Amino acid sequence: MSDTTWDPSKPILEIENLSISFFTRLREIPAVMDFSCTVMPGEAMGLVGESGCGKSTVALAVMRDLGKNGRIVAGSIRFKGRDLTTMTEEELRHIRGSEIAMIYQEPMASLNPAMKVGEQLAEVPMIHQGMSRAEAWALARQIVADVRLPDPDRIINAYPHQLSGGQQQRIVIAMALMAKPALLILDEPTTALDVTVEAGIVDLVKDLGTKYGTSMLFISHNLGLVLDVCDRLCVMYSGEAVETGDVRQVFDKMRHPYTQALFRSIPLPGADKNSSPLIAIPGNFPLPHERPKGCNFGPRCDYFQDGRCNAGDVPMSVVPGDDRHASRCVKWAEIDWAAPPKAGKTTTKLEPGRLVLKMDDLKKYYAVSTGAFGGGLKKVVKANETLSFEARENETLAIVGESGCGKSTFAKVLMGLETATSGQIMLFDENVQNTPIQSRHPGTVSKLQMVFQNPFDTLNPSMNVGRQIIRALEIFQKGSSDADRSEMMLKLLDMVKLPRAFAERMPRQLSGGQKQRVGIARAFAGGAKVVVADEPVSALDVSVQAAVTDLLMDIQRENRTTLLFISHDLSIVRYLSDRVMVMYLGHVVELGSTDQVFSPPYHPYTEALLSAVPIADTRVKKRRIVLEGDIPSAMNPPPGCPFQTRCRWKSQVPGGLCEKEVPPVQVLAGGHQIKCHLSADVLAKMEPVITIAAE
Amino acid sequence: MEELSWPVIFAKMAWHLLPVWIALVVTFALSIRFKRRLGLYGKLFDSTVAMSGFALVMFWVFTAIFADIIITHDPLGQISGMKNALPGSPVKGAEGTWYLLGGDSLARDVFSRVVMGARRVLAIAPAATVIAFMVGITLGLPAGYFGGKLDTLLSFVANLVLAFPVILLFYLLVTPEIRVTGIPIILAAVLFLFPVIFICVLLNSRYFTNPPQRNLYVGVSLVIGLWAYSGLAFNLDPLGVWSMDPNLLNVFVSVVFVNAPTVFRIVRGIVMDLKSRDYVAAGQTRGEGPWYIMLWEILPNARGPLIVDFCLRIGYTTILLGTLGFFGLGVSPESPDWGSTIDDGRRLLAVFPHPAVVPALALMSLVLGLNLLADGLREESLRD
Amino acid sequence: MLLFTLRRLGVMLLTALALTFVVFFMTNLAPNLEKLAKSEASVRMSDEDVTLWLDRNGFTRPLLVRYGEWLGAVPGWTRTAEDGVITGRCIRNGLTAETAPRYCGVLQGDWGQSTVFKQPVTEILSRSLGATGWLMFWVMALMVPTSLILGVLSGMREGSRTDRVLSSFAIASTATPEYVSGVILIVLLGSATAGISPVLASWGWIEGKTLFQGTATSAMDKITFWNFALPVLTIALYGIGYIARMTRASMTEVMTQQYIRTARLKGVSFGQVIMRHALRNALIAPFTVIMLQFPWLLNGVVIVETLFNYKGFGWTLVQAAGNNDIQLLLGCSVVAVFVVLITQLISDIGYVFLNPRIRLS
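Protein chains in written order, with my numbering: chain A, 1 to 695; chain B, 1001 to 1384; chain C, 2001 to 2361.
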């Protein structure tokens, strides 16, 4: 269009000293300060940081869509040499969608529920190229095929809600590609998706980037994903870029204390809860209006030097010798980056104690009525199918699986919120499978407690923290008087390392990590012996995750607790669990010690899952196994083996057995269980998915 | 004596309303001074819409409170020669007094009647709304929380009442004949039981872990509750403190009956949304009873939409009471309430508009104030 | 879809039965019957005479049986007096015991006789419904487009000046019940002594004494702008505010949705974003509201017809209720209940139809 003056060897996007503020009635809140970055044609730039660091604000500023309250207060954003910050709405409209396109976090929310997919796609070329309706639909069909969706004719005539999450995200990508934009902005495009689906989307994005030569601005909180997708990266902290450079150079030769701390707090292969525990970043993310003077990271930094780091604004300084590598640290040249971390407290491995929980052949079926208007046929959903396992004192058992695998139902049955359809649950020598929670003895209830996933939801927003813990104490019949319980509550706050003053606070005054700590304190109020932790850290920022995980481990060590750790994140599972149970569509497909599960032979699903998890370590070599399609619905599971629709090993089983029969559980050496038809010698020939290159 | 001109009429009215102005200024000055410490109420004073709504509502509240000082004449007294007198007419035979807003068709002072009418409206509407809320909440909570057959049944009954055209219901429920049959007493007996149940369950679910404390709280509320209940519903209060005019009871009960199903539906909807929250699951996993979860975990978090609806509903109830008055149902013809005054005035509307227009404007401004207040509250509570 | 409609119809019938029974019960309470006896026979009847009269006219039998008779599901009563004359529920209008049908209730189309108008209920109802139909038609024609346009205009740019002005208007109009706005409108536009009419008359701009007519009685014969504008406006005003606020709420919610941002960042112009992406999603909720407005509109109709003396359905209802005309009141209730239930059904089906997310799942 108007890019005749633009020289393709120049950067496609140049952001210089950008500052963005949001204006509320009370004050101006700076969201992004002095941010600069450059994206060259064909390059993929990653923006990494924790929530609230301003990375999405940067993306929206490029689109000039900051809403009513947001304003660019300084700096420039040049796209193909033209300044976007001074463009009129009309000029912007020609660029949006045709030259810069955006892909969002929630695919379902970004598609119009009342318009057919094809219509939403065809709209783009009709607006920007003045294409006829028929041509635009034909193009839409072709692009839908390009994003590897099956049966494009059906898809373009469907409404968004008729597609699965993965398919919807592919449609959003297709929509962004309709006008062959020069720059693609991806804002956490896979966060809402399951890991195995995410792997497919990431593959697609990489291929399309190469195919169309599109530049990308890739926003993510996941370092592993950025390593997978991007060429360059920019780490943000509290509204500022703190380090930028080539992805591999930054990963291997980081020159900012925040980047270093971030890497030390995520569980990479080789981390171990006993011998080399994670190192959490101390303190909290500063609120926008409470940022310190000088370096924003100063108060949490190990290398902080008073009078120097907090003297004044810290500029970006170039790291010589590398490719456009820069760091916002006054001391970067003096720090010994190769020094090993100050040794954290190491502990010895705990031996598992007596058996506390035993599930035998547990089944949970639901009757669900089909049809939108009630009535209709009743259908049985098999949420849990023949679940058997044991857990011992002191042990951490991880339960791994993606959405619909039945892990939440399992937790509900165990807690007594639902009763089992058949099978047995032995909890401390007591059969509880048919005892709903109201009929359980308070002693039993207090010994089995749960930590919930969503920190923003786990505490009652209209009751103060202390009151909520005291209520748990009252219900568990602890303490003899109000004063007694109040004292116990303060001790519990000490245990989860929260200041005692927090007892008076309302949940909205707490950060996510602090709320999660209160949730843990509440769960342990009655001296819980078995704790079900349902994704307790997955909604938290990486640097906070380490601290909360650490806390759980500490409490476990003190109380000899059995921890049932439900998670979809294999990195954290490998780090902290003793044994792992992998679930898929209600079935336990693999069960064994952590070492057994993370090394061959694998169940084909575990293999794919391991391959799909992005790892932020340049030394790791992975075999790429991308699963076709989406997870089948639990309402309508495939016949035979639940995994057969996506299994790449299916051809190795003779006689189409996978489609006919549910496989038996094979018990391999060391009690390692795999539910698969593959013969023992095929399993034995499997190769490891992840190898760490020798340094 | 001369007839007064309009500016003088307004000046005189403003003078008579002096206690109201003083009270308003004091309320606003104190509230704005301490607004940061007053939670949601304090936030009202951040929004112009909410403040103007609150000012209108409080104007009528204070008018109702100080009505005895404000009125210039007996609202029921007829003064000969003042029939349909125009606003600002001097009162015959009494030097220095005027019918500020004229006289009605029975030669009564319109200004005094409107002021006294405020007292009547503000005595019934909020109280009826409170009872309707207690009924709606007590039934809506379990319907939303448990679902299933209970929900189907209660929802069916609620829809049944809602499908009734309100006017028809009033014509059937609020007639002098119906009092003979005792139906209002039966309805009152059922509806007035809910507040007692509500408060007892509320306290019991919270304090059952500590029996002595629970027995004290529940006991006290039972005694007071049943005492008031016996007086209000059956007029059997042995001490004679609680009682309600049968006419009023009839109107009151009908208004509660019409409002409760809507509250039920709102509460049920909110509960169905909130019951999937993790803090509810946390309550369940530590073995809390369903009523504790409903009343202490869910209800406090539903307060935002409920407070907004409460304001709107007082306005709606005011309109309903006016409708009743307009059709001459359930109120004595003497009564200064706004609805029946409008009805009285409309017969001569084309010739003497003032007896109808004044209460019409009064009613409109009160409802407008409540609506503005609700709107402001909604916006402020969304801002968190 | 079919199953859904059938289920809804079933629930609707059950509701209708329950409601008519309640109305039947309430209108046939002992005091009402006593009043009826006194007004039909003689005002100065003794209590024994009243009982006798009620017994002779079949009012003393069990309530459920009488309800069944009225419905037409139970054969009408017959009674042979000592002198051999057979009287019965169905024996009237010149029919004899032999020619009269066994069932004569609502289901057979026999809605009874009005005691006030001395005419069959069906006749009165069809006449008054016709009159009210015109009123409703004009109310809808004014109210729906106006309120939707107001709601969309104020909701598409939340917090703008247009939004503030329109929202204030909407709030003010919902705060004004019909008996208030009617009074104010009459005084402003239809009074010979107040408002603008005396001014206009003195300038010689209008022929009569008033600009609009303060009553709508003449509209029974011929509807003109001058006799019908005020009643229509009075009903519509309240509804406009309510529907406009609903539309605004729905519109502002849709405008914050991610897919609106997607559309905007696709380069779709603001007008197109509104027309193609926002409107359809935003109008689903108000549609339901408009349909559920009918019970309230019925209220407005009763008030306005009384206020403007327009002899439609609402006026008839007031007359029936005020004069203890049991059969007519029952007839009115049946009509009112069915209007409400049918609009609810339409709103349910329409909601499903407008919303592909429900329609196709």
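Honestly, the hints are just simulated from the structure, not real lab data. Each hint should be verified, as a subset may be incorrect.
[What the hints assert, rightly or not] List time: in silico EDC-like cross-link candidates among lysine to aspartate or glutamate, alpha-carbon distance up to 16 Å:
id	chain 1	residue 1	chain 2	residue 2
1	C	LYS2038	C	ASP2049
2	C	LYS2038	B	GLU1177
3	B	LYS1035	B	ASP1046
4	B	LYS1275	A	ASP306
5	A	LYS211	A	ASP306
6	C	LYS2035	B	GLU1177
7	C	LYS2038	C	ASP2055
8	B	LYS1092	B	GLU1177
9	A	LYS358	A	GLU390
10	A	LYS331	A	ASP306
11	A	LYS206	A	GLU43
12	A	LYS68	C	ASP2049
13	A	LYS253	A	GLU16
14	C	LYS2035	C	GLU2048
15	A	LYS68	C	ASP2163
Since this is a predicted model, take the numbers as computed values, not measurements.
Q.
Check whether the Cα positions of LYS211 of chain A and ASP306 of chain A lie no farther apart than 16 Å.
A. The given pair, whose Cα atoms are some 51 Å apart, is violated under the 16 Å limit.
(Q) Hinted pair, alpha-carbon criterion (16 Å max): LYS2038 of chain C, ASP2049 of chain C. Please report holds or violated. (A) 9 Å, holds
Q: For the pair supplied as a hint, LYS2035 of chain C and GLU1177 of chain B, confirm whether the alpha-carbon distance does not exceed 16 Å.
A: With Cα atoms ~9 Å apart, LYS2035 of chain C and GLU1177 of chain B stay inside 16 Å; holds.
Q: Below or equal to 16 Å on CA atoms is what counts here, so check LYS2038 of chain C against GLU1177 of chain B.
A: 14 Å, holds
Q) Going straight from one Cα to the other, do LYS1035 of chain B and ASP1046 of chain B come out at no more than 16 Å? A) Distance of about 9 Å is within 16 Å: holds.
(Q) Tell me if the straight-line CA distance from LYS2035 of chain C to GLU2048 of chain C falls inside 16 Å. (A) It holds: about 14 Å lies between the C-alpha atoms, which stays within 16 Å.
Q. Can the restraint linking LYS68 of chain A and ASP2049 of chain C be considered satisfied, given a maximum Cα separation of 16 Å?
A. The given pair, whose Cα atoms are some 79 Å apart, is violated under the 16 Å limit.
Q: Assess, step by step, whether the Cα of LYS253 of chain A is no farther than 16 Å from the Cα of GLU16 of chain A, and give holds or violated.
A: 25 Å, violated
**Q.** Given pair status - GLU43 of chain A, LYS206 of chain A, alpha carbons within 16 Å
**A.** 11 Å, holds
Q. Hey, LYS68 of chain A versus ASP2163 of chain C, does the alpha-carbon distance stay inside 16 Å?
A. This hinted pair holds, its Cα atoms lying about 15 Å apart.
Q. Going straight from one Cα to the other, do LYS2038 of chain C and ASP2055 of chain C come out at no more than 16 Å?
A. 14 Å, holds
Q.
Holds or violated: LYS331 of chain A and ASP306 of chain A, Cα atoms, limit 16 Å.
A. Satisfied, since the Cα-Cα distance of roughly 12 Å is no more than 16 Å.
Hints 4, 5, 8, 12, 13 from the earlier list are contradicted by this structure; the remaining hints agree with it.
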